[in-house]
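Just so you know, the sequences run in chain order A and B. Here this note's numbering is used: the first residue of the first sequence is 1, the next is one more, and so on. Here this note's numbering is used: the first residue of the second sequence is 1001, the next is one more, and so on.
It cannot be assumed that every hint is accurate.
Claimed, not checked - Anything over 10 Å on all C-beta distances counts as not near chain A; from chain B, calculated: (1) K1075; (2) H1084; (3) I1296.
What the hints assert, rightly or not - Partner residues are not named here, just some residues of chain B that face chain A (Cβ under 8 Å, in silico): (4) S1007; (5) E1058; (6) F1125.
Read the hints as simulated data drawn from the structure, not as lab findings. Idealized CB from N, CA, C, for every residue including glycine.
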Amino acid sequence: MVFSSMTFLFCFFPIVLILYFLVPYKAKNIVLLISSLIFYFLGEPKFMFTFIFSIILNYIFGLLIDKFNTLFYRKVAIITAIAINLTLIGLLKYSNFIIENINSLFSSEISLFKYALPIGISFYTFQAISYIIDVYRKEVSAQTNFIKLALYISLFPQLIAGPIVRYKTINEELSMRKHSFEDFSYGVKRFIFGLSKKLIIADQLATLWTLSIETNQPSVIYYWLGAIAFSLQIYFDFSAYSDMAIGMGRMFGFHFLENFNHPFCSKSITEFWRRWHISLGSWFRDYLYIPLGGNRTGVLRWGINIFIVWCLTGFWHGADWNFILWGLMFGVVLVLEKIFLLRLLNKIPSLFTHIYTMLIVVFSFVLFNNEIIDAIEFIKSMLFMTDIPFFTVESNYYLGSYLYVLIIAIIFSTEIPKYIFLKLNIKPLWNKIFNFTEPIMLVIILLLSVGYMVDSSFQPFLYFRF
Amino acid sequence: MKNKIISISFIGILITVFLLNSILPAKAISKSERRKLSQFPELSINTVLNGEFTKKYEKYLLDQVALRDTYRTIKTLSNFYIFHFYDQHGIYLKDNHVFKMEYPYHQLSVEKMADKINYVYEKYFNGMNVYFSLIPDKNYYSKDEKYLFIDYDNIEVILKKKLKNLKYISLFDCLSLDDYYKTDLHWKQENINEVAEKLLSAMNKDFVSIDNEYDKKLYYPYYGSYYGQSALPLNPDTITYLSNNVIDNATVYYYTDYKSSPIKTTIYNQDDLLGVDSYDIFLSGAKPIVEINNNISKYNKELIIFRDSFASSLSPLLLSQYSKITLVDLRYISSDLVGDFINFKDQDILFLYNTLIINNSEMIK
């Protein structure tokens, strides 16, 4: 069940909101926990027990790590906990990838597991690991209340698509949080913006990407269109889920940290990764890169650290070689930027640094969304290295048809709308207009988003065409 | 105050839609989309555990949400007037007409259609007078290069080349955009006399002209299939259906299957105007095999048309020149079974298909 579905928006969520605000304060966590478990169960009933096992496991190991006084036992406990967490995700997410590679390497015929990847496993496993590591580091105390720990891991707004919320971020709010109309209305705004980003922008761009790869008339322009559309789509899709998660969290009194900060405004890849999927980048930094030694080591060791971190960052996104290569590609660029490129980039006009960054980002997402061989062919076509025309009748048509949505998406991926709003909002007249029209605009955007959601199921009966 | 309004409005909308979805009875069909709507899925431990219930329940909610067509209209207006998309689900508006873009061009489909016609020819008609004709879909007449089209010239070239034993009758010059309904893909019966005369003169050397004196009956409002698909508040069409002595005295039989006897009816059945598709007024809509008997015929000649729905409105205009017209719709009956229903001897044979079918011929059996 995704947030941008009828079941969630007009069935699950209103019921949860009613129950949550009707029950006494003490029961609110229980309502949220049960709702979160039902949410997960409805989306992934087969892996419900795995999910509950993960919660219980991390609850127990958190307590054990906290209880042990000797370093040795603490280490044994944390290594065991991390190993079990990684084994779970390894089995459920990566086993088929490993088997496929063994089969192709040794010509063996080991059967693949016949199940789909359990939803949210990458997110909740990383949340759980961050919790037990923070307990091990004594940055937080272990949570003794099972309901609160279970709620931290399973909280439905961030369960399936992040952001990866650190325990210390919401530790206090699990016990004591305030509810106010101010917070709730802020949450509503974020949720509606997220919903509209997903349904009105991202899903339309997804169609353009699909058209560009399924066409019988490939052209250079069409491939560029597709690649740009997909880059924007993944941003609007992913950041939309983060917006909705942050918004819903706020409605329930939780303050999650931001996960995106206009990454397409970046002037380097280093800056891009500070703005893109911030919770994942900071997770790898705090729980892997720095413990490995970070950059306070020799050059060789530092290179190895970068290699490990970016290899795993890629692998986290998906169990295939293109994801690993995608991560490594960023690793290489980041190393180059650290060594000399950043100094060079600082000396040239920002227009060129934006173009440099966006070119790498766009090419990277081609790799992200394709098998390696297909991605290479795709990129070769974008660079005039294949025998396809520059444009076709079809590419011209879709360029014209999608021009507005592309321009709107590009503008809204930057800080320009926010900047304009803030500039105008300090003027009394505009401030009054914004205040007066804001609720109306939100209702309009919500209904418009629902319109896009409903129309996605439009399927005229084919034979009636004739 | 503003925060309260936003919070209460949001919860209010979610709860209102939730209650409406729960209270309102489920509809069986969508008239605008002309399809069956999803019904409440089977709720059992099994369907919940295998995830089927959740998936089907989402489809059910999407189909049954209150004001579904209004939501679709909101989206379409947004796509056309905010995002300036050229089309919406392939639908576009021009000159007060709704068009559905037919794209991409499937040359393989055209070739397969030709192969299928040749197969039927070899099986039943070797040596007989067999004709074929194409009905251009209305996109052909939109004449706007902004949109994507199939290659109409290439369709003609391929079919002419592959259907060597059949005589081609071109209709492209007999029609214009005005001959099609504004909200539907079909042609208007009252505008296709020229088409009828061209076909008849090509199939019968002695043909002079047909009596064009008809009684006209009107039905308004007619919401064509593109009306619902466009989801836009457009003006409906008027259906005009033509009658004369020949048409009024004709009897129509259609077969539903092997076992049942043919069902007797008339060319126009007014109850069909009130059905899902008012175009069904013409010969009661899609049927595998339809026989139209001219009970006051001056001729003994028979005509067999392998056809799609366009022929339903055309065949009454051809009837005065034949004692019997049989319509065969190969979308609903296999070509191998046609011989069980029809005795082929010396009839005129016409393959009459619109270009939408030719470009999607996988539906021809």
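Outcome of the hint check:
no. : hint  : in the structure
1   : K1075 : 4 Å, violated
2   : H1084 : 4 Å, violated
3   : I1296 : 32 Å, holds
4   : S1007 : 4 Å, holds
5   : E1058 : 5 Å, holds
6   : F1125 : 24 Å, violated
Consistency with the previously given hints fails for numbers 1, 2, 6, ordered from lowest to highest.
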